[in-house]
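Number of protein chains: 2
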Amino acid sequence: MTSSRPLILLSNDDGVAAKGIRTLHAALAAIADVVVVAPLSEQSAKSHALTLAHPLRHRLVDGFHAIDGTPADCIYVALYREQFLPRRPDLVVSGINHGYNLGVDVYYSGTVAAAREGALRGIPAIAFSSGPQGSFEAAGVVARGIVERFLGAALPAGRPPLLNVNFPAHRAEYLGVRTTRIGRRRYDESIVLRHDPRGNEYFWLGGPNAYHEREDGTDTTAVDDGYVSITPLSLEPTAGEHAELAELLTNEGA
Amino acid sequence: MTSSRPLILLSNDDGVAAKGIRTLHAALAAIADVVVVAPLSEQSAKSHALTLAHPLRHRLVDGFHAIDGTPADCIYVALYREQFLPRRPDLVVSGINHGYNLGVDVYYSGTVAAAREGALRGIPAIAFSSGPQGSFEAAGVVARGIVERFLGAALPAGRPPLLNVNFPAHRAEYLGVRTTRIGRRRYDESIVLRHDPRGNEYFWLGGPNAYHEREDGTDTTAVDDGYVSITPLSLEPTAGEHAELAELLTNEGA
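Chains as they are written, first to last, in the working numbering: chain A, 6 to 259; chain B, 6 to 259.
One or more of the hints may lead you astray.
Since the list gives no way to pick one copy over another, a pair counts as held whenever it fits inside one copy or between any two copies.
As the list claims (entries may be wrong) - Computed list of lysine to any residue pairs in SDA-like fashion (alpha-carbon distance at most 25 Å, straight line):
#  : residue 1 : residue 2
1  : K24       : A58
2  : K24       : S140
3  : K24       : H59
4  : K24       : L65
5  : K24       : L45
6  : K24       : V146
7  : K24       : G150
8  : K24       : L57
9  : K24       : H175
10 : K24       : V147
Since the hints were derived computationally from the structure, they do not count as laboratory data.
For reference, chain A alone in the conformation it holds in the complex (with noise of 0.2 Å):
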């Protein structure tokens, strides 16, 4: 059995039983063969980890594929495994992931790094997230409506593009869809100390809050003035801006 339609690889970060993923499902489905190849449980901030320390388990949950590792272990695994997709997918597609992607959360995202093993893998991809209490079914409609003309764009040459997609969560409805760049977003950068009852002492990483200021043209005031923000991420890992200064460390003389 064949089918004409497109083939989307979708993942994401917060488990293959997340209302996110399981929303973005049901809309795609409606446009494209859809397969999930999910964690089993949640990998928030994971960023882009592979497991390769331990070997890696899969199972069916409610019809869908599951594995116990990272959001970049299912796409690596989805695409190097021949039982879990008919074909190369046409399209890599991460979220809805329960929460906002914005700034600089794009280097610890799971959802992100998902859709970024995707596209180094020479695939088109798309990363999804909403805030939190957002309405996963409006953002299901849009994130369907961006995906259709996505996959009914001409591609330019070169890298494939990485799209990074929020949705906005405290408005009714979404004003519309802009065009970003990655804004600057700070976290309550702090230790929280606390004792176990054996009187050993542990921590946590940070506060939950984030801050930005408002800058013209970022995902985070798009997201703020109450639009769906689409920012194409970079895949150019070398800074050009930094050349002369390297060039300097390599004295003769080391």
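Fit chain B to the given chain A structure using the hints.
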């Protein structure tokens, strides 16, 4: 007691007991005050993961600070737990990693992520890695020279520099130091299937072999040719090249 020497925060992803970090500590202690805050256990391929789902513990191992978390956790904790550092460090250093971090490795590497965590928090940073069976002593001497010149250089305005340094391991002597861009590196992409003693399937990610084409100016080629490679890494998350495509997706019909 105060010191006029530079202050370096040193971490890695192989763990606090690894030979690479111990060698680098000894080399850098000759030119700076060096505080080690490193993972308690190996954290290879943990990328930029932060530990948010469980709390962390601190231990002293041979007088060095060890945290039972990721490389990025270590930098975070060092900067926000006041006992660890007498003041804000002048430089974050990571390594020497046991194994190259070339090409696409920079996305997966915990060594690079520790340095990037420093740079994201405004502190210049360098990641050092050496190929398998390389001489850490030789690498330590060259690393000290690079750090010394770096500390003496006038840093450009804007984002702090983030440098990725690799030492070739297949020659008796380095031929010199070169500034490079990140090359393209591919791994044996495969899944290795096994069965446990109870007959249940498990699998490992990929093979260990990496390949690359010869490309002038890249980190992979410099190291092939016997040169120490220095690549400045980008901290710009937005891709200018796909802005037009993203714009197409912001259709008012969304």
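Outcome of the hint check:
1. Proximity of K24 to A58 under the C-alpha cut-off of 25 Å is restricted to the inter-copy arrangement: shortest distance 19 Å between copies versus 30 Å within a copy.
2. Only within a single protomer do K24 and S140 lie at most 25 Å apart by alpha-carbon distance; the minimum there is 10 Å, versus 51 Å between protomers.
3. With identical chains, the CA atoms of K24 and H59 are at most 25 Å apart between copies only, with a shortest distance of 23 Å across copies and 28 Å within one.
4. Within a single copy, K24 and L65 get their C-alpha atoms as close as 17 Å, which meets the 25 Å cut-off; across copies the closest is 42 Å, which misses it.
5. For the identical chains of this complex, K24 and L45 are intra-copy neighbours only, at 14 Å inside a copy versus 35 Å across copies, given an alpha-carbon limit of 25 Å.
6. Taking CA atoms no more than 25 Å apart as the test, K24 paired with V146 passes inside one copy only; the shortest distance there is 14 Å, against 53 Å between copies.
7. When the C-alpha separation of K24 and G150 is checked against a cutoff of 25 Å, the pair qualifies only within one copy, where the shortest distance is 19 Å, while the shortest distance between copies is 53 Å.
8. In this assembly of identical chains, the alpha carbons of K24 and L57 lie at most 25 Å apart only when taken from different copies (21 Å versus 29 Å within one copy).
9. Taking CA atoms no more than 25 Å apart as the test, K24 paired with H175 passes inside one copy only; the shortest distance there is 18 Å, against 51 Å between copies.
10. Only within a single protomer do K24 and V147 lie at most 25 Å apart by alpha-carbon distance; the minimum there is 16 Å, versus 52 Å between protomers.
Violated hints: none; the structure is consistent with every hint.
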